[in-house]
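Protein chains in written order, with UniProt numbering: chain D, 1 to 886; chain C, 1 to 886.
These aren't lab readings, by the way, just hints derived from the structure by calculation. There's no promise every hint is true.
Note that the list lumps identical chains together, so a pair holds whenever it fits in one copy or between two copies.
As the list claims (entries may be wrong) - In silico lysine to aspartate or glutamate, EDC-like type, Cα no more than 16 Å apart, as pairs:
| hint | residue 1 | residue 2 |
| --- | --- | --- |
| 1 | 658 | 631 |
| 2 | 742 | 358 |
| 3 | 804 | 847 |
| 4 | 792 | 661 |
| 5 | 607 | 58 |
| 6 | 639 | 516 |
Please read all numbers here as calculations on a predicted model, not as lab measurements.
Each chain is listed here by its residues.
Number of protein chains: 2
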Amino acid sequence: MSNNKKYVYLFNEGKADMKDLLGGKGANLAEMTNIGLPVPPGLTITTEACNEYYVFGEKFPPGMEAELEQGLKILEGKIGKKFGDNENPLLVSVRSGAKFSMPGMMDTILNLGLTDTSVQGLIKSTNNERFALDCYRRFIHMFGDVAMGVPHHEYEEILAEEKEKEDVQFDNQLTVKALHTLLDRYKALYRKHTGEDFPQNPYQQLLLAIKAVFGSWNSDRAIVYRKHNRIPDDLGTAVNVQAMVFGNMGDDCGTGVAFTRNPATGERKLYGEYLINAQGEDVVAGIRTPLPISLLEQDMPDIFQQFESISQLLEKHYRDMQDIEFTVERGKLFMLQTRNGKRTAAAAMRVAVDMVHEGLITKEEAMLRVDPLQINQLLHPQIDVNAEFQVIATGLPASPGAAYGSVVFDANDAEAQGKAGKKVILVRTETTPDDIHGLVMAQGVLTSRGGMTSHAAVVARGMGKPAVCGCEAIKIDYTQKLFTVGDLTVKEGDFISIDGATGKVILGEVPTIAPELGGDFAEYLGWADEIRTLGVRANADNPKDAQKARDFGAAGIGLTRTEHMFMEQERLPFVQKMIMADTIEEREEALSHLLPFQQEDFYGILKAMEGYPVCIRLLDPPLHEFLPNREELLVEITKLKCTGGDSDLIKKKEKLMKKVDELHEFNPMLGHRGCRLGITYPEIYAMQARAIFQAVAQLTKEGIKAIPEVEIPLVIHVNELAFLRKQTVEIAEQVMEETGVKFEYTVGTMIEVPRAALTADEIATEADFFSFGTNDLTQTTFGFSRDDAEGKFLQHYLDYKILKENPFVTIDPKGVGQLMEIAVKGGRSSKPDLLIGICGEHGGDPESIQTCHQLGLNFVSCSPFRVPIARLAAAQAAVIEKNQSK
Amino acid sequence: MSNNKKYVYLFNEGKADMKDLLGGKGANLAEMTNIGLPVPPGLTITTEACNEYYVFGEKFPPGMEAELEQGLKILEGKIGKKFGDNENPLLVSVRSGAKFSMPGMMDTILNLGLTDTSVQGLIKSTNNERFALDCYRRFIHMFGDVAMGVPHHEYEEILAEEKEKEDVQFDNQLTVKALHTLLDRYKALYRKHTGEDFPQNPYQQLLLAIKAVFGSWNSDRAIVYRKHNRIPDDLGTAVNVQAMVFGNMGDDCGTGVAFTRNPATGERKLYGEYLINAQGEDVVAGIRTPLPISLLEQDMPDIFQQFESISQLLEKHYRDMQDIEFTVERGKLFMLQTRNGKRTAAAAMRVAVDMVHEGLITKEEAMLRVDPLQINQLLHPQIDVNAEFQVIATGLPASPGAAYGSVVFDANDAEAQGKAGKKVILVRTETTPDDIHGLVMAQGVLTSRGGMTSHAAVVARGMGKPAVCGCEAIKIDYTQKLFTVGDLTVKEGDFISIDGATGKVILGEVPTIAPELGGDFAEYLGWADEIRTLGVRANADNPKDAQKARDFGAAGIGLTRTEHMFMEQERLPFVQKMIMADTIEEREEALSHLLPFQQEDFYGILKAMEGYPVCIRLLDPPLHEFLPNREELLVEITKLKCTGGDSDLIKKKEKLMKKVDELHEFNPMLGHRGCRLGITYPEIYAMQARAIFQAVAQLTKEGIKAIPEVEIPLVIHVNELAFLRKQTVEIAEQVMEETGVKFEYTVGTMIEVPRAALTADEIATEADFFSFGTNDLTQTTFGFSRDDAEGKFLQHYLDYKILKENPFVTIDPKGVGQLMEIAVKGGRSSKPDLLIGICGEHGGDPESIQTCHQLGLNFVSCSPFRVPIARLAAAQAAVIEKNQSK
């Protein structure tokens, strides 16, 4: 069996854009080689070879070994050293290199090629027996541990014993004799575990090392990492084989790592550290403290200058901040790796802005340099990374921002203490809607159960409050009012801090840094606004949130829910009266009391959003949500009867129970709600429409431009919308006549049920706008309710990869996305300039925003704190589309 | 304003296929005229004129009157009489004639054209003053009443007074003098009510009469009728103006109505009645008893012979049984109307079968002659129409069949008495699932509330038991155990009968006729089987139903629900143990007890359907359905605690409550059910698969051909199906190995959630078959649950025409139908020969069956009693498609 594939590339045969085939490390080594930088020669075995290795049942694909041998020959020729030579042996490092860097993969084997024979050559060529033997010792350890699974600690134990025997403290204090003993013991250990002698053929060593790299692609840790980071399993890893250079051959040697700019702040200045006379592993081992890179200028001025100019060259070449590894061998600088450097959100933004100013990248390119979700970190106070603090546990980073306060375990306590001006953190196993009043008054919330979409997480994000959720390490004891984490006990009143951006729980109070939204932030998002074509609005139910949304750059309100207004204490009695009404007259009388409240609500929001559209959704939830809980009532009545309670009270409660029963639904999500209420009780929507238009008339009189959009929820048939639109128009005309004020308004609908999407062509004939309610649309398209799915089986589905994504977080493209496409096409076929938006949590999810852009929506709407994220995500979508069309 | 439309057609200008324009009556009069039958000349004003009459604000469209005058001139010429002539006046009848005959429309005005002048002409030309005056009297009455709204009873009062004065009994005994007085008083009455003199211009009379016909198109009753019968409002009615002929000018005159075959039985023999010396209205008035048509042979042999041959000619011409009106004037036969005759189900089938045998129609045509829903009547015992009985109320015909029994008001009583061998009718305001045990033992059910889709109706249809629902006339008093209807009181134990095919409630016991399913029935449905391409299966959960389905012609089981089996008393404890299990081991132990039961179930059904496929759906409902009701438990615990009950019992109940709470769902329909159970508890489906395959192995050993189809419910993603299919295949292979028996089986899925339909291309890669669960698909596509919608707002939606049809009865073509189309196309794109069916109630609805045929499904599946309906509906769909493609 033979084929025409090329499995082995010399560094000078590759390029930076061959990452798929050569992995990130291999492609960059090739690129540096080709632009003439001092890179020790080497070769890369392709990711394809790795995949075929699995196809062939963990055997190298035919032809690969021959290519490898040929490549090694060329290497030997270039360097003038030979594998296994007893005069001047070639030694190599072997490193994995997947397309994305990935923990869990085998990292590095150094000094491969050393055998009992070639170590003699190394002694000769370096004239340093101690050094050569030490290299051999390290190699046997590393190869055995990394490639063959010989337990690391057993090597360490032998080493410790020998040091004790010699009575020395550091490895490099061992004598040549001791090193010989060590080598013998290491080899014996190797034999004990592998059943074979330590391989004395360098080529065999190499093949075993390559197998180990390939094998590590499917290590448990790598698999888990890929799953978590959504990296496909079939990418495979490449293997880089590179001639060794030594930073540990004397004081004219050294090794270091540096970023071209500061990865924490983005400042344009080399940032990194180095060690004289050391190998890379010594830096990591932490035995000696590395020095800041700036000191290299004094230590090795020529090297420093050379490195600095190479850094600048690499940055220009890659047009991004680089993270570089280098080694100095006997006064000569070698580049061992370069890659785009990881950075904080603040640094990402500053680097992007600076590079635009430097003319290095365009504004479009700058858009792709910041992860929209990272922006979240910038909007909230952050833990000061320079401060010292004790992390006692880590949960899910559920809602960004840092906060501290004294611990409370009960929403009522949180409310009471919060009102008294105390800063508190609410700690619960989980939160429920009953805890809202506590959440409102707390600085942040910590839960021991629940995921990124749990109640606490969703509510906290909506409020812009920090939350750490699902922190399973803490065990809460409500009765004693404390939680434990390991041996530590934290009692009510003790201070903790939480960092919702990282999930950290910290004992005591830590200093935080306030968000800085001017400067780079404002400039960068200004560019995003220039580039994006998708509008961004916010969801807000009150003037305060509306103002916040405006501050964050929202160009309108995409969703104002009116039901929250119904829940307020002074209104609820009228709402309940309305529900209990037996006649239209009684109902209208109750509604007349609600009208002024609603008018005031709408007045405030419309005023806060002067000049911008405000989409107001008429009443949506089933009416029983405004009545007492059925089960509590049942228990109350049972108790009253059991204990011979007041018969008038029983009667009253029973009357209430009768109504609750009447309104009871088997599946409230699929029940008598949304415009179904408006159809069966037109007077409710009539009151709301009147409240909106009276507010608009009032504002218009005051010279304030109000742009109301009246939104009808849960439409399934054009006839519903036609009926309710007609009523709305009539009321608008009445109000205009009564007030003598002319005003503009539009009437549209949510698309949140499959049938609405499927019949959008019909519905559009009665709609001025569509707004996708993707929460409900997802629930009905999947046939599962979020409340039930998340508590019961959704996590299982995600864990077992039945579903790749949580469809409540990211729009399901094939199901929900397909319906959205049908709806957009249908709607625009009837009304080409139909305004179409999306509200609901997906409107703030970058991946979903890209879907919305592709579908040609006019705007997304999300919670105020998500607005900056959405602005950037929308710009990215525009850039990606432009790039793809090139 | 003028246009080129033709509003007036002479009879010789029309044709039978112009029903849209000329109405049914006008088109048939034209047809008869053109084939040379003796039809009094006349003309038809088109339905278009009626529609434009409304467009022009209740004014005749321009040009219509001129055409009418011209047409009348031609009529006068043909007949040789003149409108309003004082020698030989033209008299006409004016009749409405819409496309579909319709109660509530103005019917007939006879003798139009009589005035004080022309009545003299009629006296002269007939030489019969009494006759002429009597005609005039009748005309003033009819015109005033029908066209101008003069109260009918006031005419009657005057007539009665005059008869009293003259001391006579019958109208025709009045003297000429008395008739003159009567005419004066009638004219005065007309003036009193209309403010105008009785019109003395025949042409003016005619225009007023035409206006009255047009106006009656929008009478309340006509509107309600159209709504109920789904007749569009924009058809309009035509008006027929026809020269009068008189059957009441002496003993050589007469009038009659006859069917070409017996409309009750279908027997091929003239069936009808006639009266000598009478006008049509006399037959209706019932003053004289009409004679059977057979006697006409003696009375007027020539006329009879002529009529008989015309009847045969008409039947051949129209190729259907005719319903004919005729009049004999002075020995000459005139045809006044012919139309296809209405008939009972039995007659429809017999006529169709006979006509095929007679060579009059093809088998394909015969298929369209019977309404599939009517077939239902033939499958159940029917009230003997020849018996005498007292109908005391009429409700909705909710489930066909006749039954009698003594009244009980409680399901427990029904069960007890039923078990004791008594025949009982269960009478309830409504039924709930708690009444099932009573329904099972009752002969039939009568409810005072609820519609065709209420619980009682659905359950009764499923059981094939008669039901009359929503019979609001009966007022039930549970405490006194009686119901009243008007003045009548019916007590517990009294006998009543119900006819579920007509909705009649009858006092006492009436004789019924057993269904006859051989003969014509078998032959006719045999033809349907030849013609249809769509397969018909039945839904059955036990061997008895399976046998019934087979008897009715089902070629397999399309849905076997396994959850009903779980509910049985001896099994429920194990089911509950399984649910309460804390570990897999406990759960498997509980499941091992259920395995033999399930195996026995499947053995029985597969055996009963030997040689036919049996589609078995694995467990579908959420597990909490098998636990006690949460609220009852809550009340029970509250009471126990309140009264200091046994603490062990409380603990036990609380443990149960904890599990119930754990499983509690906000929206059970959208919760942890269907294959979500199979994914999270694979051992449940594993047990079921094993039970199926062990039963199959056992049958195979016995030489019985079993064809199992394992159906996975509620799939939303191909990964679910892939996982469960793999498990099922493994178990099948295990069972084959264990038993040493090879057998065939397939694994497929329900398509009952929008996402499944939208991703059918992917799902098909793992499915051998699809079965549409249109109940759930409708619920999720519309976003309303059936239970909640039907109780709360669906009726309102239907009443107000927001929805045209109940989507749970007939597939919603635009929404659900569109998803089905996507699914069929997607599925077959991946697997061209994918087997696709539908189960659920839509599978037995003729309109939905047509949709299924059009979509290219392989089969429909419905309840056993619906199988014959489905067979015919499927044949009709094939014929309609063939006709359309011509």
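Status of each hint after checking the structure:
In this assembly of identical chains, residue 658 and residue 631 lie within 16 Å of each other by CA distance both inside one copy and across copies; the values are 13 Å within and 15 Å between. Taking the shortest alpha-carbon separations for residue 742 and residue 358, neither the intra-copy value of 52 Å nor the inter-copy value of 75 Å comes in at or below 16 Å. Taking the shortest alpha-carbon separations for residue 804 and residue 847, only the intra-copy value of 14 Å comes in at or below 16 Å, while the best inter-copy value is 40 Å. Proximity of residue 792 to residue 661 under the C-alpha cut-off of 16 Å is restricted to the inter-copy arrangement: shortest distance 12 Å between copies versus 27 Å within a copy.
Within a single copy, residue 607 and residue 58 get their C-alpha atoms no closer than 69 Å, and across copies no closer than 50 Å, so neither meets the 16 Å cut-off. For a Cα distance limit of 16 Å, the shortest separation of residue 639 from residue 516 qualifies neither inside one copy, at 57 Å, nor across copies, at 60 Å.
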